[in-house]
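K.L.:
When you get a sec, could you build the whole thing from the sequences and use the hints?
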Amino acid sequence: MNLRLLYIVLLSPIASEIYGQPNCNAFLYTGDTLKYEACKISEGVKGHYQFSKAFQEILDDALLKDPSYDYAYREKSVAYLKSGDFLTWKKLMDQAVEVNPIENLGYRGWCRYQFFRDYKGAIEDIERLGALINGDIGTSANGDYHLEIARAICYKALGKKLKAIEIIETQFSEEDYFFGKYDYLHLGILYLEIGEYEKALGSLRIQEKENDLAENHFYLALVHKDLGNQSEYIDHLVKARELYVEGRMMSDPYTHPYDKVYLADIETELKTAYNK
Amino acid sequence: MLKFLPHIIILFLVACSTEKSTSSRQEYLRWVGDIEYTPEFDKPDFELCHGDSSVNQYFNFGQGLQYEGEKRAILEKFENEYRPVKSGESGLVRIRFIVNCKGETDRFRIIAMDNEYKEKEFDSRITNQLLHLTKQLNGWRILPNIQEARDYYQYLIFKIENGNIVEILP
Numbered sequence: 001m002n003l004r005l006l007y008i009v010l011l012s013p014i015a016s017e018i019y020g021q022p023n024c025n026a027f028l029y030t031g032d033t034l035k036y037e038a039c040k041i042s043e044g045v046k047g048h049y050q051f052s053k054a055f056q057e058i059l060d061d062a063l064l065k066d067p068s069y070d071y072a073y074r075e076k077s078v079a080y081l082k083s084g085d086f087l088t089w090k091k092l093m094d095q096a097v098e099v100n101p102i103e104n105l106g107y108r109g110w111c112r113y114q115f116f117r118d119y120k121g122a123i124e125d126i127e128r129l130g131a132l133i134n135g136d137i138g139t140s141a142n143g144d145y146h147l148e149i150a151r152a153i154c155y156k157a158l159g160k161k162l163k164a165i166e167i168i169e170t171q172f173s174e175e176d177y178f179f180g181k182y183d184y185l186h187l188g189i190l191y192l193e194i195g196e197y198e199k200a201l202g203s204l205r206i207q208e209k210e211n212d213l214a215e216n217h218f219y220l221a222l223v224h225k226d227l228g229n230q231s232e233y234i235d236h237l238v239k240a241r242e243l244y245v246e247g248r249m250m251s252d253p254y255t256h257p258y259d260k261v262y263l264a265d266i267e268t269e270l271k272t273a274y275n276k
Numbered sequence: 001m002l003k004f005l006p007h008i009i010i011l012f013l014v015a016c017s018t019e020k021s022t023s024s025r026q027e028y029l030r031w032v033g034d035i036e037y038t039p040e041f042d043k044p045d046f047e048l049c050h051g052d053s054s055v056n057q058y059f060n061f062g063q064g065l066q067y068e069g070e071k072r073a074i075l076e077k078f079e080n081e082y083r084p085v086k087s088g089e090s091g092l093v094r095i096r097f098i099v100n101c102k103g104e105t106d107r108f109r110i111i112a113m114d115n116e117y118k119e120k121e122f123d124s125r126i127t128n129q130l131l132h133l134t135k136q137l138n139g140w141r142i143l144p145n146i147q148e149a150r151d152y153y154q155y156l157i158f159k160i161e162n163g164n165i166v167e168i169l170p
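These protein sequence lines map, in sequence, to chains G and B. Residue numbering for the first sequence follows this note's numbering, starting at 1 and increasing by one per position. Residue numbering for the second sequence follows this note's numbering, starting at 1 and increasing by one per position.
Possibly wrong hints are sitting among the right ones.
[As the list claims (entries may be wrong)] With the C-beta cut set under 7 angstroms, the calculated list includes, among others, these residues of chain G facing chain B:
| no. | residue |
| --- | --- |
| 1 | 53 |
| 2 | 117 |
| 3 | 141 |
| 4 | 264 |
| 5 | 268 |
The hints are simulated quantities; they were obtained by calculation from the structure and are not laboratory data. Glycine is no exception: its CB is placed at the ideal position from the N, C-alpha and C atoms.
P.N.:
Below is the structure:
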């Protein structure tokens, strides 16, 4: 393996999206020596690739020590998730959730949405988490979304657009809410889809200021198309294509983000615009 | 002794419940999901440029799914060529395979589940079509680039509702 490839692999998501190893000493403070021992065993995965035999076997050893050590189930599940093995992934994550629902429901729910587009299942997990804790339910595993926004997208995917809007607006009104990088884009698209054009323009313009993307201009173009503003319709499509070619579009190393558009979508729409 | 009986029973149940994970230890291959050559299914002339021990995953290169015409081209192929099957079946079908350093594909394997994540065997008119069309895809990009071409695992997941494809992942 040459140096460049090694660099790519080390910096790639396989290396960077490993969950933080728990602080084993914390289990000692709570008097859980079994979990402490399992935790110490699981520290052995450091330096091993999540997909590797060694990584899996070390976590199996940790689970032999303490079958209620949820961290090991969740870490074992990641390779199955990333290879699309929904059967094994779900079995492992169910075990993690069973022994520690508060720590694992949000993650399982997010993955059901992101990797398997299991909207109903994702909503169930996120809402169950919300019922178990007071306060903030946290963000997606990749940090791109607050779980409430992910829940809203799932409702939209099931056809409940007004509920999705309500969830997002409520989340936006939370004090100290830290906006996600696609939040206003999703809200703007929802407004567009229900014909609230002024609100759509407002949201998409905020998105433009915060994180300008090809998608943002694509949907701004669609708003102007519906409003009959032909020149703005074309201008935003041209801008969308420009940003896309520069690589400024929604992206995810594993799967496509919801509401993403492709270059062909922009070009097809441009042809429509020029023929109007 | 009786005092410890519940604990002994629990430990026994726990041991039984973890049997699968301990016994599965010996079944691990190099990496989770590795697909070994099987003469019954796989082309004998499909070559891996760097051998079975060096096949990457598609996301290892940080570029996501890479296909000529992007994922839109894959979506269009299935939209245009898949014929819905009136079987009323729903769930997910995953087809995983290897793209070699020349952009060629083989070692296709299928798993499927219902909407409750239970293993499922779909009507063969669905899976045969999905497999046939997936094998026809010939726009897989060489990763990470032509100069350093690697072999990599790729998968497609088809979300099926009542015999129709409603989404394709990743």
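K.L.:
Holds or violated: residue 53 of chain G as interface residue toward chain B, Cβ cutoff 7 angstroms?
P.N.:
Cβ of residue 53 of chain G sits 4 angstroms from chain B, so the hint holds.
K.L.:
Are residue 264 of chain G and chain B close enough, Cβ to Cβ, to be under 7 angstroms, as the hint says?
P.N.:
Given a least distance of 5 angstroms, the restraint on residue 264 of chain G holds.
K.L.:
Closer than 7 angstroms between Cβ atoms is the bar; does residue 268 of chain G clear it against chain B? Give me holds or violated.
P.N.:
Violated, because the Cβ-Cβ distance from residue 268 of chain G to chain B comes to roughly 9 angstroms (cut-off 7 angstroms).
K.L.:
Regarding the hint that residue 117 of chain G lies at the interface with chain B, is the smallest CB-CB distance below 7 angstroms?
P.N.:
5 angstroms, holds
K.L.:
Interface hint check: residue 141 of chain G, Cβ to nearest Cβ on chain B, cutoff 7 angstroms. Holds or violated?
P.N.:
Given a least distance of 14 angstroms, the restraint on residue 141 of chain G is violated.
Against the hints set out earlier in the document, violations occur for numbers 3 and 5.
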